[in-house]
Amino acid sequence: MYSVFALNKSDRALVEELLSDDVIGRQTIIQKDGDSLGYENKLILVVEGADAAVTAADKILSGKVEKLSAEKGNAVYNRIKEDEKNADSGMGFLFG
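Residue numbers for the sequence shown, in the working numbering: 1 to 96.
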């Protein structure tokens with residue numbers, strides 16, 4: 001399970017709040033500059049992991065940041081994963 005959020009770059013303290021949580025901090029948390037993903041002046045945050053942890057992150061961020069709709073969130077998530085896959089295959093090519 002995962003959730004995708006767009007937050008103002010000035011709201012980075014919220015990311016630290018998530019990372020400091022015992023349960024949420026153990027999940028996969030991806031931060032990307034939103035400019036490269038079509039969200040200018042935003043930070044894209046993906047919280048991926050156990051259902052309970054993602055739900056807890058949703059509650060902490062609710063009303064403070066924009067949670068992307070399922071459609072938009074899936075598009076952003078897939079693009080991030082594709083970029084990671086391409087980076088991994090590039091490193092394999094270099095170090096074979």
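Source of the hints: derived by calculation from the structure; they are not laboratory data.
Warning: the hint list may mix true and false statements.
In the DSSO-like style, the derived pairs of lysine-lysine whose C-alpha atoms are separated by at most 30 Å in a straight line are [said to hold, decoys possible]:
#1 Lys72 x Lys9
#2 Lys85 x Lys67
#3 Lys81 x Lys9
#4 Lys32 x Lys59
Do the hints match the structure? See the list:
1. Lys72 x Lys9: It holds: about 19 Å lies between the C-alpha atoms, which stays within 30 Å.
2. Lys85 x Lys67: Distance ~25 Å between Lys85 and Lys67 Cα, so the pair holds.
3. Lys81 x Lys9: holds (22 Å)
4. Lys32 x Lys59: Holds: Lys32 and Lys59 sit about 21 Å apart, inside 30 Å.
When the structure is compared with the earlier hints, no violation turns up for any of them.
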